[in-house]
Structures are given as C-alpha cells and as structure tokens.
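Student: Once you've looked at the hints, dock chains B, C and D against the given chain A.
Chains as they are written, first to last, in our numbering: chain A, 47 to 402; chain B, 47 to 402; chain C, 47 to 402; chain D, 47 to 402.
Just so you know, not all the hints are guaranteed correct.
One copy or any two copies: either way a pair holds, since identical chains are not told apart in the list.
Each computed BS3-like pair below joins lysine-lysine, with the alpha-carbon atoms no more than 30 Å apart [said to hold, decoys possible]: (1) Lys244 with Lys221; (2) Lys350 with Lys398; (3) Lys189 with Lys367; (4) Lys189 with Lys398; (5) Lys244 with Lys367.
Bear in mind the hints are in silico, worked out from the structure with no lab data behind them.
4 protein chains.
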Amino acid sequence: MTGNSFGHLFKVGTFGESHGPAIGCVIDGVPPGIALCEGDIQADLDRRKPGQSRFTTQRREPDVVQILSGVFEGRTTGTPIGLLIVNQDQRSKDYGDIKDKFRPGHADYTYFKKYGVRDYRGGGRSSARETATRVAAGAVARKVLGGGIAVRGALIAVGDNAIDRARWNWDEIDKNPFFCPDPRAAEQWATYLDAIRKDGSSIGAVVEIIASGVPAGLGAPVFDRLDADIAKALMSIPAVKGIEIGAGFAAAALRGEENADEIHLENGTPAFLSNNAGGTLGGISSGQDIVARFAVKPTSSILKPRQTLTTGGRETTIVTKGRHDPCVGIRAVPVGEAMVAITLADHLLRHKAQCG
Amino acid sequence: MTGNSFGHLFKVGTFGESHGPAIGCVIDGVPPGIALCEGDIQADLDRRKPGQSRFTTQRREPDVVQILSGVFEGRTTGTPIGLLIVNQDQRSKDYGDIKDKFRPGHADYTYFKKYGVRDYRGGGRSSARETATRVAAGAVARKVLGGGIAVRGALIAVGDNAIDRARWNWDEIDKNPFFCPDPRAAEQWATYLDAIRKDGSSIGAVVEIIASGVPAGLGAPVFDRLDADIAKALMSIPAVKGIEIGAGFAAAALRGEENADEIHLENGTPAFLSNNAGGTLGGISSGQDIVARFAVKPTSSILKPRQTLTTGGRETTIVTKGRHDPCVGIRAVPVGEAMVAITLADHLLRHKAQCG
Amino acid sequence: MTGNSFGHLFKVGTFGESHGPAIGCVIDGVPPGIALCEGDIQADLDRRKPGQSRFTTQRREPDVVQILSGVFEGRTTGTPIGLLIVNQDQRSKDYGDIKDKFRPGHADYTYFKKYGVRDYRGGGRSSARETATRVAAGAVARKVLGGGIAVRGALIAVGDNAIDRARWNWDEIDKNPFFCPDPRAAEQWATYLDAIRKDGSSIGAVVEIIASGVPAGLGAPVFDRLDADIAKALMSIPAVKGIEIGAGFAAAALRGEENADEIHLENGTPAFLSNNAGGTLGGISSGQDIVARFAVKPTSSILKPRQTLTTGGRETTIVTKGRHDPCVGIRAVPVGEAMVAITLADHLLRHKAQCG
Amino acid sequence: MTGNSFGHLFKVGTFGESHGPAIGCVIDGVPPGIALCEGDIQADLDRRKPGQSRFTTQRREPDVVQILSGVFEGRTTGTPIGLLIVNQDQRSKDYGDIKDKFRPGHADYTYFKKYGVRDYRGGGRSSARETATRVAAGAVARKVLGGGIAVRGALIAVGDNAIDRARWNWDEIDKNPFFCPDPRAAEQWATYLDAIRKDGSSIGAVVEIIASGVPAGLGAPVFDRLDADIAKALMSIPAVKGIEIGAGFAAAALRGEENADEIHLENGTPAFLSNNAGGTLGGISSGQDIVARFAVKPTSSILKPRQTLTTGGRETTIVTKGRHDPCVGIRAVPVGEAMVAITLADHLLRHKAQCG
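The shape of chain A in the complex, shown without the other chains (with noise of 0.2 Å):
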C-alpha cells in the first residue's frame, strides 16, 4: 500500500514524475554491512538510460544516481537507503500540442478519470521514466542477493522476429543495442527497426528473464508463491501485456508425463531432466533457473494520426511528436532483471524470517 511500493522486507517505495524536479526511490529493509556505492548503481542505470543508441529515445538523461542515506563509511548500515536522480531534460514544451488530449495506449484517460488531473507533461507519474528508480533499486537488491545469484535478461523477440535459441550467446548480450543474445537476430532487428523508426511506428517485443544460482525454498505458500510475486512485479512494467514462467502457454498443449519435470540424481545430488516448471514448484524455488518471460506492447507514442478525445470530451486526432522509443522492449530488458532481483531478494529475507 498504497501502491507505489513493493515488497515486503526488501521494500522499495519510488516517488516522482517524468517532467518533476526528480525521481527517486527509498530501499528500507536492506541488512546491514553490505559493500554499497553510487558506482554500484550507475553501472545498472547505465544500462537502461535513454539515447545510447538510435533505437531508444533521444532524450538526454544522464540519470546520475545520489546516495542520500541508509550508507555509512561505504556500507550499507540497515536503515533505509535513500536515492535521488536529478531529472535534466524534461522539455515540457514538447507537450502542449497533446495537452488536452488523451494518447490512445497510454495513461493519459485513466488517470484523469482515477485522479482529475491531466499531468501532460509526459504522461506524469504514468511515464516509463520511474522505471529508473526500480533499476537503482534493482542493483541494492543484486547486493542482497550476493554474487553467488545471477539475474540476466535478454530481448528474445521483436515483433515476429525471433531469436534462435540455439543461437544463445550471453556474452553477446552487450554488443548490440538490443540486448539480444544472438548476433544474427541482432542484425536483423537493426534493419527492420529503422524501417518501424522511420516510418514514425513502433513495434512490439517479448523479453526473457534467467535466475541462476537461486536456492531450493524461496516463496510463500498459496499466495505470495514467487511466481506470483514475479507475475506481478513484471507485468507492473509499463506497458506489459504478458507473462509467462517456464513452459508457460505451452504448457496447457502438454500432457501431463511432457510436462512435469523428473527428478534424479546428478553426481550424487539431486537434479531436474527438464524445467518446464521454470524452477518453481508450488510456487516455491526448486534450485532450478527462474526463467521469466514477458510481452511488452509496442509503444503508444507514434506519428500516426489516431482517433481521440479531449479532456473536454470532444473527438479529435492526435499525433504524439516528443522523443520516444520505437520498441519500448529494449529498455524493459535491465528493469525486468531489476524487478526479478528485488522480487528474489524479498523472498530471500522472508525465507531467512521463517525457515533461516
């Protein structure tokens, strides 16, 4: 509660809008003596921060995180860590064509009919922009989890255009802009998102989650189960659509003996012949990767003309200009790890509460 947090014992609660003095996140729960610097946080923030390629909007936020409190001589002291980052490009102007339009996809009609206010400077609160908070915190909660938990994303589609799994390649992850563990797709969705891009469209995306490293018995029974947390952590990405844990939809064409994963022994300790569960049972860790997908809309923000209306409820059309992303997908890549590693920790800390 009451809504603008999340978490239980790794709690996250973020303040601020797109186009407000600044953004930022308060982390209470963190245990004490942890190795923690604004270093830490930047090298997350850098990952998903605006304009370092073509293929994600040209805004210019350097999202320079601050350290407010919760950190004592380089470690964390156990009391809430406290983070700031300065928003530095918030042209407002950019706005107030659409100032009293609602963007079709976006926000814009639900909040002005939940709220009365229109805060059309970029869509407010409701602007992909608080994703950055959850990066930062994202990277606090990696620290909880230690080195021995990894959490890793990839883009695995673009529109029809899948990777080919076999193709898998971790290391290539950060070599295209895409995040995209397979070189050729990567190629491939260059060409085909400057085509999306010039044509002032978007497109639409699927990422993939990996946690490895996660130990047998985090989740809850019945209904904080880890999997549910993750369905609710990703599908609170903007723009999120769907969400899939191991087989996912697949499993519903599987029989039975397809689909439930044996189990045997592996030199000596014991180990899954498959992960269609995607390492939860019962909503409870086995050992096994979490393995996470989710399907991200495309971006609302086109250059297309669109039936609307105005908040004095006329009809209208629209064409939103600004500075946007063409697959908002690329980005939801290190905020998706950042939710899973949160969501990790969390149960983590429960589990240390009841069973530790």
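Tutor: For chains B, C and D alone, coordinates are given in the frame of chain A:
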C-alpha cells in the same frame, strides 16, 4: 504477509490442508450492511466442487460452508467474516505408497526443502483443495462489487483444442462440464478427455476471465496496477504458468497503430474502438471489459511411472494413484473468477479511500 | 490491515463475536518444526477463562481450543495455524433489555455510528471475549520465542491499592485469583473487590508485563520500535487507557543524569546500572528486561443506573445486568502477556530476516 | 514494514540521518486535488526547527522543504509526494570525542548490537532529527483532514512543574518558547530551565495533544483501534516513555460509575457528560475530542560525566558536549501533533474505504 493472505482492504486470509480437519478463510474489510447468507457462498462453491462429472476428481467433498462471524441478522457487520469448510473425504491411506517420494511436478520437493516437512497427505497445504476457500471469498467479493459488475470465466482451450470465439455463448457455460462457451468444442473435449483419462494421463488448458461493468479508475500507479494485481492473483492459483491481459503475448507482434485502442464518442460517451488493452491503461481500469487469460499446466498426478527421488535421497519411480483431475484447468475456472473478483473488490475499496 | 490482524512476520488474524457460533484466529509465519499441541495452548487459555473465581464473570466458557491446520505429526509445518474456540454459553437473552440502548463506556455507540449496526449480543465484535483468541496466539508466540525468553505479567494495583514491590514474588502469582505477586495485597484486594461487587460497581487496575531473556537487537528504527509496537499491542486490549515503558510517566520528572541508565561490565559482559529505559533504547531491545505497564479502566457494565440514549436517539437510563467482571483488569494479565509475546515473536523473526 | 513507514492508506515512509546529506519522506495515498505548496509545510517545520530559543539545541538547521513530486499546478495529483530537507549544519567533528563510546540513554548501544554499525555522527538514523520529516508529513495530513479537524498540542509539565489547567489558553501557545497554554507556568519554566541548562543537565516533560472536530466512526476493531494506533504513533517519537488516552492511568483508580461517560442530548444531538474516554470507545472515535498525553524523558546528552563502555567493550566515562536540548519535550509538541494528524488522516481514508 506472510504468504497466505491476499488484498489490502478486502483482505482474505486462508488456512487448512488437503487432509486436515477443515479449511477456511477470514475476510477482513467487508463493508457493513451487505446482505449475505451461506447460500450465496454455497452457490459458487458448488460450481468448483469435485466429483461433479467424470472429468474431475472423484473425491467426495460436499464443501458445505459455515459462516462463523461477521454477519448479524443476515447482513455484514463490517467485522471479519470467518468461513469454515469441514473436510469429509480424507483418504490419507491413498498416499501411503508415495509417503516418502517426491511427486514430479508437485510441490513435495520444494516444501520439503523449505520447511523440512513432508506432509504426504495429498500435498498438505500445497493441494489445490485450498482453492475452495478462495471461491468462498470470491462469492463475498461479488457481493461487495454489487450487481453492476459481473466476473465470468470460461475454458477456452484444452490441450491444442481451442474454442471458436465466433461461437462464444455465455449461456452454454453451465450446460457442459467444462465451463465451455462453445458447445461444439465442449463435445469434442468430452471425447478427447475421455481418452486422456483412460490413458492415465492429463492435459493442460487455457482459461479466460472477463469482468464487465468495472468502472474507470480502479488500480493504483506503478506497482499495484490492477493488471499487476490480477496477474499475481491468477498466477497464485496452483498449476498456472502464464497470464495475459488483453492482447497479451500477441501484442508483442503488433505495431503501435495496431495496438493502441482509439477513443471516440458513442452516444455522447467515451468509447474505445478495440480492446487490446484488456480494460486497463497504465494499470488503471478504463471502463472497458477487463480481459485476462491464464494457462494451466496438466495435472502432475498421473498413472504413468515417473522418475523421482525419495525423501531420503535415493532414485526411485512413482505412480500416483489417488483421485485426480485429468484436466485441472476445468475447476480452475471458478477459482480464476474468484481471484479476479477479490482483486476488483480490493481495488474498489482502495479507490473509494483515495478518490471516493 | 484491515484492523483485525497484528504483526507482520508472526501474524495473527482474529475473528468472531461474543455471541456468535465461534471465535478463532489464524497465525501465519510460524517457523516449521516447532513442537505444538492443543494442550500447550489450552494451558494459557485456562489462565484467562472466565468463571474461575467470584471476581470474574460467571459466564461458563470452557474455551476449548482446536488446531485446524498448520501442525502435522505434532510439529508446526510453516503453514497457517488455524485455531477455533466454539462459544458455549451465549445467553443472548441477557441483552434483551438493552437491545436498543447504548451502554455508556462501551463501544455500542461508536460501532453503531461507524457501521450502522447494533449487535446487542454482548457487544458483538467489541466484546473482550475476542481476547481469548489473542491468548491462544500468544501461546504459539511463546513457542516461537523458545524457553530462553519468559513473558510474565502481574496485577500491581486495584483501584488505589498498589502492591508493595518489596514483596514481589513470582511464585505467588498463581496462588491468588488476581495474578498478584504480593500475597498481602491479594488478601486486601479480595475484601475490597467483594465490596465493589456487592455494590454492583467495578474498579480499574494496573498490570505490569516483564519479558526477560530478550536478546539485544529486537525492534526497528523510527516507527516500528519495539516499545511502539508494544504500546500498540497493549493499547489494543479492551479497556486499556495508558501505557508505560520502564520509568514511564515518572521519567518526565527526572533529570538526565537520573534517567539515563549507565553501562558497565559485570563478569566481563555489558550490564546496565538501572533500567529506567524498560529494556529498549531507540526502540531496540538492549538485553535488559522489557518492562511495560498498562492501566485498565473499570468495567462499564455495572448495576448502577446510568444516563444514555437509545439507538433511536431518545434519552433513557440503563442498568446492565448480565454477567460481568467487577475488575476486568484481572483477566487482562494473561492477555497482556500474550500481546507482548506476540510482539516479541514478530520482532524476533524480523530481526532474523534483516540481521540474522 | 520494515520499520521506517507509518500508516496504510495515508502512508509515510521516511529516510535520512542526522549528519547525512539530507532527510526526507514519501507520502503515498494522498487524495488528489488538494491545494498544497511548500509554504504549507514550512509553517509546521518552523514550529519544530532548532535554535529558536535558548531552550532548544543551537544547531542551525533552516529545515527548508522541497516538494519533489506529487503536486502539479498547486494541487496534489494522487501520486506519491516526495519531500526533501537538505541538512546544513552537520558538525560531525562534535562527535569525534565519543566516536567509540556508547552514550547512556541513547540508541548507540542497541543499534551497534543490532546492526554492527556505530554511526557516531549525532546518532545517525536514531537521532531525533528524523522527526522533521514527520512534521512535514503531518502538515500534509492536516490538509487531508481539512479545516474541520484541528490537531493541537501543548506542553503541560516540565519536570514536576505542571500547568494549572484552569488557566489553559490556546492563544498562549505561540507566545512562549514552550508551547505552554498557561502563561504563568511558562514564566516559571523559563527560570527553571535556565538553571537546568546552566547545570549541564536536562529534564523530562509531558505533552498533551487534542484533536477536535474528529467525526465519530474512525478506527477499526480489535488491533487497529484509533487509540492503539495513536499510542504507537506517539511512542515511536524518540524519548517517549508513556502514553495516556483520556483519563489514562487515573482510570485505574476510578469506579465504573465515575469513569463511563454518560450520554444525553444537547440541542437534540448526542453529547457526552464527560470525556474520560478521551474520544474513543472500543477504539473508534465518538465525536468527542481525542485527548492523548505522552511523557518525554530528559535528554540523555548531558555535560555530567557518565559511566559507559566503548565499542571495544572497555569501561570508560563520557561527557556529551555537542548541541543539545535541555528539555527535548518542547520540540516534541509539534512532532506529537504531526503523529496524531497522520494517524487520523490514515483512519479517515480507511473509514471512507469501508464505510464511506
């Protein structure tokens, strides 16, 4: 916290195991003055209860609910509503054979790793039996939502066999044992599932939940988005592996101009030309139908022998006799409805608090 | 949220009314593997139950507790523990006379204003009968705290009649009907309370709770201080009007050098020279005894005629016959112990999560 | 959870240390459309800020607040309100002498035991400096409460020197440096405190908070009683050791007929003949003034040498120079008001959700 409750203002906490003396739930936050009797709840429980056709488990549970508190002279008092369902048909001996074995695809292994306990009696707390209490709570949630909001579900695919959406007819739902809106698909499924059942196997399915009459404005920014909370609610149902809102994964292959739902006036009131959003924008309801789908994996308890380990760590094989659903997706329909109703009731009260 | 639960990691949710079919609670978050049976809980319930002497209400409630879930083969499983106490002696007819009258000092008026409901049967949810479920939960909390932490309570004043602290003897607590550690005070109170009772009146009291063996480090900064949570826990007991930790109100008259407890070494380990702090500094336990006191107002149900209103808004007078405690402070002793034990168990688990 | 936030629907999370770069808070759940500017908040901060008389610490902190989010065009938007106060006068060198010593009566020892960290700079997170953010949040809470509800506080005793309640005059509160409603007491206190201050000592105090105009019906049954939440809110203020509601500890010495407030009609509306209840019955507001008192211990930082330990575990003595309040109870008055206002705002929104 700590795992067995859901919701903040319409808050449901559940307890009980498959083969314990009783299961139940406590609902806190229900507004006072709402007419409520056991019959209201029983009607929903009867839709979920086992043994109603040859396509669901033959365990005989009448699932009779008692209201223990929170209702006085036929109306809610505003205090917690305690609901109790006494277990009747606990044939724990069915489980003697598998007492020391982890059933693949079940939570046996992960609960054991987490808690160090092997409650072999039908999975204990991890059994889908606990979903009866969710359905009971969902019936109360419907009362809170009132007559203007309808939450309905349908089975839309069994294995590879999807319905023809052109034949969708809500009136068919209760005329076949599958909650299927397409009578021809229902006929086909009967034959198909008979074969699966006789083969000692099981199959996955897809469920769709539609909430109509939901006012614009429900949901909170950033984390407690309505769609994020629905995703968590549905992913928390046993055996669910995927969630979609509106266009879902299909949105990943759409262009911006295909996906974003345009707005115009219909008879002077705002209306959308499509519903790819599935009724939420920025995580807040738009007034359109809320449309959510979820994939259910096949029942893991099957008669086929499967490779697994004993609790002592030895390799073995397992055959799960007991009484099981060949397609657990069927009974997931009323559970999915209940979870969406609970989520909506919670957000309705949250909206009243802040914007009422 | 939303009012009927307490704690975050050791979380107790209660339900039930004075004259409904049953009262109960659900405890979520209990670590697995703890030995627990109904007898463990019953022992605490028996200390609180009514009708054990002429100084408490003559309502006959055996308060037999049933464990409905969360325990398997004599040990906790880590899943919610459901506890049920069936009401036996609901003489609702006692309340016929006052059905339409607000009892002064009771919650009748405020519940009616809040909920629009008049559950005249013994106060419904506002009855102190619900505290039985707290005592049951407190018994489970003691198990979580383990043998090294003792939470004990005593009645230290009845009306103006305080004990002599020099005569404090824990062994006396169970030898008189008052939980009084001073045998001479107990004798005096018996005479005093007989007079009050025969006069159809009632009297207030002061209870002291001492928790010993509490390790240093429990409690969280700023809001969820251990002392703040104890204050809430104790103030939530019906009829409580004041709370003190350590020196309490007397600290307001002390100078800095009189109040701050000096620290030195005793046998090589840190020790305090006094305990004005009552065992907490900055809201975090210091390892000293936690000392809390609370004031209990006199029972409002008395035989003296009192001026009041009807639910219809007319002036009237009321005499409350029924069966009532002349000094409700007596039975508040085990309830206070339970609330402190619950608070400590919650903070013990919280501490493990962050610093364990 | 997890310690640094308060409230459920009007939710305040705070961060920052005494000598870090800044302190701040985030308020989530504020209804939209409320006029709010920095001046509204500054006015309350100015009442608490240090250095306004010789009776409070000489640390120079202008406590200038910035609104970082949640307000657009002068009105709240319904999204989180981020507030920031940059620290100005952090003379950490003052603390060099005591870097390795636990100050008696302070949280140094317990924070060290809990977190393994000694943030010697003015107590770090445990410093009362964090209460500035509470006062800022309290100013926003007052806006939510609206003009009809007034939350006012007064210092009613300094050491043994209590006011004469017959001379209570709210207009005097801002005419002396003590928030004292009795001008004669204020005069006496000035002399008294001068002596204490010159002696290098400190003294405790008692604060009373009165909330008038509170409608009947705020508060929830059983645990989240309005009075229980106020008790927690006030006990969470640094240095507070006791809480009373209404008659408080005096109620322990009353008989039922003396204590229970009778009800009658005044000009046709329900009214009480006394207010021993302090405005709550069964934890729900009655419409009477909410009356709460709290005892504040003397400042522990004094010039008198005191026996203590070093962080290394050796015995030593300590003299706390720095800049300190001779009577920290004075500045606790606006903090107490803020905490009561926050609690009421939270319950006002909760009431709207369930019964609105």
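Student: Are the hints correct? Go through all of them and say.
Tutor: Evaluated hints:
1. In this homomeric assembly, Lys244 and Lys221 come within 30 Å of each other (Cα to Cα) only inside a single copy, at 24 Å, whereas the closest approach across copies is 53 Å.
2. Neither within a single protomer nor between protomers do Lys350 and Lys398 lie at most 30 Å apart by alpha-carbon distance, with minima of 52 Å and 37 Å respectively.
3. Neither within a single protomer nor between protomers do Lys189 and Lys367 lie at most 30 Å apart by alpha-carbon distance, with minima of 39 Å and 38 Å respectively.
4. Within a single copy, Lys189 and Lys398 get their C-alpha atoms as close as 16 Å, and across copies as close as 18 Å, so both meet the 30 Å cut-off.
5. In this assembly of identical chains, Lys244 and Lys367 lie within 30 Å of each other by CA distance solely inside one copy; the values are 13 Å within and 61 Å between copies.
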